[in-house]
Every structure is written in C-alpha cells, then in structure tokens.
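Visitor: Spelled out from the first residue to the last, the chains are:
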Amino acid sequence: MIVAKSLNKRFITDKGQVVDALRDVSFNVDAGEFYVLLGPSGSGKTTTLRAVAGIETADTGYFSIAGQTVFSSDEDLNIPPEERPVAMVFQSYALWPHMDVYNNIVFPLRKGVRRVAPEEIKRRVDAVVETLELTPYINRPISQLSGGQQQRVALARALALEPAVLLMDEPLSNLDAKLRTQLRVEIKNLTRKLGITTLYVTHDQVEAMVMGDRIAVMQNGEIAEEGSPADLYKHPVNEFVARFLGEMNFIPGALSKNGNGTHVVSTPLGNVPFANVPDRIVNDRVKLGFRPEDIQIGEQPDAAIFTAQIANRYYIGDAVLCDMKIGEHAFSARLPNTTDFNPGDEAIVSAKLTDFSIFPGGNAGI
Amino acid sequence: MSRVASGQSFLPRDPILAVVKIIVLLAMLMLAVPILSLVYTSLTGEDGFTLSNFALVTEHPQFWPAMGNTAIVGFGTVIVMIFFTVPLAWIYSRTDLPVKNLMLAFITINVAIPSFLVAMGYIFIFNPTNGVFNELWRLVVGERQTPFNVYSIGWIFFLQGVALSSPAFFMMVPTFQGIDSSLEEAAAANGVNRWKAALYIVLPLASPAILAVACYYFIIAIEIFDYAGMLGTPVRTYVAATLLYAFIHDGSGLPRYAEGASLGLMMAVAAFLLALAYLWSVRKADRFVVLTGKRKEQTPIKLTRSGRRLAWGFIGTYFLIGTGVPLLMLIWASGLPFLQVPSWSALQNWNFQAYINVLPMVPELLKNNFILMLVVPTIGVTLAACMAWVGTRFKTRLRKGIDITVMVAVAVPSIVGALGFLFFGLSVNSHVAIYGTIWLIAIAMAARYLTWANRTVTGAMMQLHPEIEEAGLVSGVRKGRSFVSIVLPNVARSLLISWFWLALLSLRELTIPIMLSRRGTDVFATAIWGLNTSGITDEAAALSVILACLILLLVVVFHLISTKWVVQK
Ligand SMILES: Nc1ncnc2c1ncn2[C@@H]1O[C@H](COP(=O)(O)OP(=O)(O)OP(=O)(O)O)[C@@H](O)[C@H]1O
Ligand SMILES: [Mg+2]
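Going line by line, the protein sequences match chains A and B. Taken in order, the first sequence gives residues 13 to 378; the numbers are from the working numbering. Taken in order, the second sequence gives residues 535 to 1103; the numbers are from the working numbering.
Chain A on its own, in the form it takes in the complex (with noise of 0.2 Å):
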C-alpha cells in the first residue's frame, strides 16, 4: 500500500547546522497492515511520516500510496499534499479552534479536493460520529472538548475522508497514561475492523508493540530494524533496538566453530551453541543478549544453568527484581514476587539457550 525506497532528507537550520533527518529510509505497508514507526526523539518519525502526506518534501527518493506514484525525485514528480489519497492526525491534533466539531469533519469533505456529494457527507459523518461516539459533542466548539474528546474528533475527521492510508504522529502523547492505554486498544481495533491501512508514529515501545503488526525502530534518521513484535523483541538484531525495545543484559563472550559447521560462544554463563551467526559478527569476540524475564530459578533443560551472587533485591509488586552478578559481569532478572532471596545469597539460575540473541562484541568486552 506504501511504498517507500531509499529517501533522503537533509535540514540545514537557521543557524546553518545540518541535520540528516532521514537516510536511505525504505519500507513496505502492506494492505490492511497496522505499521509502526518506532524511535526516539529526533530520530525522523515524523519527518517519515510528513514526506509520506507531502507536507514535508524528501531531497531524494520514491513513494507510492495505494499503487500511484506519489513522489519521485528521479521523474521531478511532488503529488501535492492535498491529492495524496491520505488522513493524517497530528500529535496536536490540528483542529480548527473556530469551528465546532460538525464542521471540522465536514469542511474537507465539502472544500477539500476530495469532496463529496452531500448525502454521502451525511452517511460518512452518521459512521464516524456514531463509531467514535462523538453525538452528544457534535455542535461543540473545540475549545470545550477534553484531551480525549479532541483526539477522538480528530480521528473522525480523518476516518472520515475514507483515506487509503491513514497516517498517525504520537496521537496519544498529549493524554494521561490510562486514557492512553484505553484508545491505544480502541484505535488498533477500529482500523482492523475497518481495514484500513495505519501508518503510526510513536516513541513507546510498548504502545508500539501493543498495536503494531509490524515496527521499524528508527536512529539518526536511519531504519535500524523492521520486524514484528515478537522477533524484535525477542531476536533484536541490532543493540540499539535491543536496549530500546526494553532492558537487556549483554554478556561477553567468545566464538569458535564446532566441527559439524555450527558455532558455540562461550561465556561466563557456559557455553551456548548457535545453528547460524549473521554476517555481521565478523570476530570470535560477540556479546549475548538476554532479557530479564529470560532468568529462571533453578535448572531447566536445553538452558545455560549457573551459578549467580544476588547483589539486590527489589520488589515492585508483580515480580521481584534482582541485580546478579557472576563473577565481575553484572545482569539484572525479573522473578516471580514469590522469591525470597536476600543480597549476599548465591542461587542457581538459567536461561534458555533460545532466548539468547548474538551481537558483535565490543573492545571491552560489553
């Protein structure tokens, strides 16, 4: 449904800094796909996200919305904004202060480009005030609406263009963290039950896993790595996304070759066999990445089972955290709020062999 290749953008800001907002960014969004735009501040979400709506325009690059070409550096082709069959909601949300919320669903459809005939204004607005339950609001100025009322208005404006792709920038940061977590589900589940194709941006790993069928995690401009939930959270290929997907404890290890073509790193925690290493890991010196969930007490089979020195110990009501150490390597475990252990303890722990992910090894070990 999108199709992103290789886009290029560069700010030079009034002071005359140069910021590369986006570098050889490409994507696919499938029909009906649910995509999500994850990173941290700067990193060019938005940026991503504006050039697809032709608000912002790329140096370089190509996209195409819905099969039709949208913008080509390569054919000197710019759709305007306003053409490109989109919605946007904005982290603002953008609505129009001097109108109220009819008319801030109506008016694109009745001056816009894409206007409609009016019983099908009326048809279109009945769906989407009815779905976001916005009747009691409808003659509302917008000065009179909660975070949330506002948000859901400026969803039905957007829903309401019946968009190919609808594109989303942080549209629950401005709301207290219940409320978001309530419409992270209300949003997700209206555009699966309308079909609709979701270009969302945010900065919360957890609303991006929550909602997202697939996530790009972005850096410096960059995608780092695409993937579903599960596998980037799980196999992150990359340590940037490791770590901001949620914590991860690295330990230092060594890797050979095992005879039968397979290879074996081993660590202070034993020795852990892996059927492939990815091109990247160019040396013997990789670190392991686990999560601290991955931790269980006691042994368990096809698990790296060792010895650990409990340094602290946490409750946090759902579960006990532990700062562990083995040896002079220090890694963190999420158990069971059951555990009684006290600092100065020794324990037998392990880890699955499967849940270990492998990454280049830095000079120092980690």
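Any given hint might turn out to be false.
With a straight-line Cα cutoff of 30 Å, these simulated DSSO-like cross-link-like pairs (lysine-lysine) come out [claimed, not checked]:
#1 A:LYS123 to B:LYS929
#2 A:LYS17 to B:LYS929
#3 A:LYS27 to B:LYS929
#4 A:LYS27 to B:LYS1098
#5 B:LYS1098 to B:LYS901
#6 B:LYS901 to A:LYS123
By construction, these hints were calculated from the structure, which means they are not laboratory data.
With chain A fixed as given, assemble chain B with the ligands onto it according to the hints.
Guide: What follows is chain B with the ligands alone, placed relative to chain A:
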C-alpha cells in the same frame, strides 16, 4: 520541483492561492514604487545619469545645519522619552496602582491625538508674540523679553519626546512584565528594600530592552515632520524632514524635485543603516537578557498612600503636558477671534463664530478623510494579511522577496515615501490621472502603514500552529482555501485591530497628505496646517477641536468593539 496536476486546465489548480500571490506582488510593488522613483529622480539630470543632485543638496546652506538639528532632535527626543516612559511602564507593570485602566486610557489618547494639534496648542501658549503664557509673563513680570519661545529646537524635541513616550510605553511594558518578580522578592528576603531592588535589579535587567526601545524611537524621532514643521519652519530652523518639504513646497520658487529626491534617498539610506544597527544590537542584547519571556503572575509592589499620590501625580502631569493642556488651549483659542490670556472677560467673549466660519469646509474634509479611513485600512490590511501569510508559511523566493522589501520599506521615512509617490504620480499622470487625487494619497498611506499591519498580522499568524493548516492540506483542502477558511478566521481579531488602527492613523496623518494634497483633496490635517500657516488661529483651532473629537470618537468605538470581541471569545 515541478508538481504534476491531476487534470491540466487553463485555470490554476488553486485559484485563491494565485490571487494571494498576485496581491503579494502588488504589495511589494507598492512598497518598492516610492524607493524606485526616488532613486530614478535623484540620479537623473538633464542629460541622463548624474550625481550632481546630491552635490547640490550637500552644498545647500541649510543642509549641514539641518543635519545637526536632526541629530539634536533625535537624541533630545529619546532622552525626554526615557524620562517619561520608563517610570510609566514600571508603575503600570510592577505596582498595585489603583485604576490602571484610566492610566491606559490617558496613554491611548496621547497616542491618538495628532502631533500637529499638540504642537499648535503649544504655539498658542508659548509663541513669542502673543502666546498666552508669554503675555501673562509680560503682565506679571513686566518685561518684553520672555524666557519661553516655542519656535526652538528644545521645544521640538521636548514635545516629540513626550509624544513618543506613549507608544514606547506599550513596547516597554512587556519587558517589565517579563522580569520575574521573584528576583525582587529574593532581594527583599535578603534585606534589600523593594525600591532599591527596583533600581538595582529590575532596571539593569531591563536596560538592554530600554536601550533597544530608545534606538528604535531614535530612528522614528529623526523622521517626524509635525513638530519641526510647526515649530521650526516658521523661524527657518530645519531638520531633514522639513528641509525636504521646503525643497518641494518652497513658497517662492519652483519645486526642486531632484534635490528633494536626493535628500530623501540620503534620509532613507541613513534610516536603513540605523535600522540594521538596531536589529543587530537587539539580537546581541537578546543573549544577555535574563527574561523569562513568558508573562508570569507577578506580585506587584504595594504602593503607600504617598506612593500612590506620587505615581498619579506623575501620570497626571504627563497627560496634561502631552494632551490635556494643548487640547484645552485649542478649545480656548477656537472661540476667540484673537488669542487672549484666560480671564473672565475673555471667557464672556468666547463664541462659536470660528466654527461657523469653518463649517463650509467640513463636508469636503469629511468626505476626503472618510475615503481615506475606509480605503487605507482596507487595502493595508488585505495586503498585509496576504503578505504575512506568505511570509510566515512559505519557503519560496517570494518570501525572501517580501522579507527584503519590508525591511527596506520600513526604514523609508513617511515624508520620503510620500515624495516617492509624488514622483510616481507625476510620471504616470499622462496615462493615469492620479496625481493630485485622494487615491494617490490613499495608496501612499496604505503603503506606509502596510509594514506596520504586516508586523501585527505576522505576529498573530506565528501564534497559529502550522499544523492546523497542514491538517487542511492532508485532508484535501487547497492552500488558498485554507488561508481563507482556516487562517484568516483565526487571526480575525488582529485583522480587526489593525484595520481600526490604520483608520486612526489615516485620520491623524499630516505628513503624507501635506506632500500630496492639492486643491480639492484637502483633509483635516492639511486644512488645519493651512489655516495655521496663514495665521487664522481661531479657525485652525476650531477645525482642530472637531478633528480631536472625531478621533476620540473613533478611539471609543474601537475600544468598545475590541473589548466586546474579547468577551465573546
Ligand atoms: N524544519 C526543520 N528544520 C531543521 N531541522 C529539522 C526540521 N524538522 C525536523 N528537523 C530535525 O530532523 C530530525 C528529525 O526530526 P523528526 O521531527 O522527524 O524527529 P521525531 O523522530 O519525530 O522526533 P520526536 O519524537 O521528538 O517527535 C531532528 O533532528 C530535527 O531536529
Ligand atoms: Mg515527531
């Protein structure tokens, strides 16, 4: 990068945007015309290109004295202005003075009353032949020679300084409001009393801003025509602006256009350089100022009883000097066939004869002034709105063009701009008979005020989140349509305020009409000037009183509308 239309046709895809762009080009043309005509006129002689006009100007016996006088007037004005405006702004923004609205009303009236009326009021009081005060002095002291002569440089800059304190007040107040009052409180907590804190903490913090305001008004002070025209010209004491006027309207000989143009160009260049220096210093000062920028809830200084009396005494005196006394004087003079010292017997002679005398002139003056009051703000605000939008929202060359044109045009003094339009009118007159009509005056005024309106509207547009327009674009609304239906309604208030302000300015303007009015296109200002120059003081005063009433009426209407608007929002 080219844009490919879905359906090519002869109509532009975005007709409104096309119209806006044409309007912007027109606006830029309007700003450029006076400068270009000046350049052309000053650089051409009988046989083509020449610099001799500049030489003629600098060799003129009045040139160097006028330059000196201009500098004295500039500095003097700024010093007087700071003396009044800093205490006023401080009192307004940092004390708990009661009825601050009255103070605001006084200052607004001070801004609104035309400068030439104030100058005339003072002529009636302090002119050496029959000024009321001087007559009193002779009565009481018994000497022929009196200490006050209104026809002098000192009075020019004193009155200019008093007048400019009012607009400067509005520029200064945000600075004082921006300084965090906890700085003073911290000082108070450490045993420094609040008056000392004001002197040693607030004032130094505000001083870069005060300096900036002073620089800004220096540039304005050296181009004002009214006071020097009223108080300097009769005794052949010239400043740059009045010398320029003398070149064109020399009572004896033919107008010396080329020399006028050269002097005008020199003034414009000087003002431009000063403006650049000003911008540069403001940018520099910005880095030092420890202002929060935001307007904070301040805990005002509690004034004691005597503090209040002192403050109101200061404000009252300021108002009396700036408007009260000269206006009363105009009313007094308007009822007497010749100027008399106020007395019971004189009061019994006070009558409306002068008003009756000027009545036949009034319809035409009203007509001309009304045309200006409707046309000037309408053109000015329309052009300014389009220009401000393109200037804030476009990244194109058009925007660069606007920035540069506005920057140059802002620096062109009123009288110089008017002269430019005079040349323009003369040169196109054989094709379009615009010279000597009210329309040329209207265009010149609109061009002059355009930069002001542009700044106000630009400020309002910058406050608008660009995303509300982008939301229009991505939902299929064309740029032009979103300008009309999204941007304009959200800056309507500033458009309305600009419109009224321009209407007011056009009513109180003397400089531009005096350069461009001919028989039949007189406005109040030029008629009053004419009567005063001819020595018909009672009729000049009567017309002045009528004009002052009109202006006050407009201010009241403006106030009512704008407060009602605020309440509605
Ligand atoms: N108009 C602009 N001029 C200059 N630099 C810009 C402009 N817009 C964006 N940038 C820069 O481009 C980079 C990417 O910005 P972008 O807004 O895409 O980041 P983001 O991932 O959306 O971040 P955030 O989570 O903070 O919204 C940043 O370094 C930003 O400062
Ligand atoms: Mg962003």
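Visitor: Hints broken by the structure, by number, lowest first?
Guide: As far as the earlier hints go, 4, 6 are violated by this structure, in ascending order.
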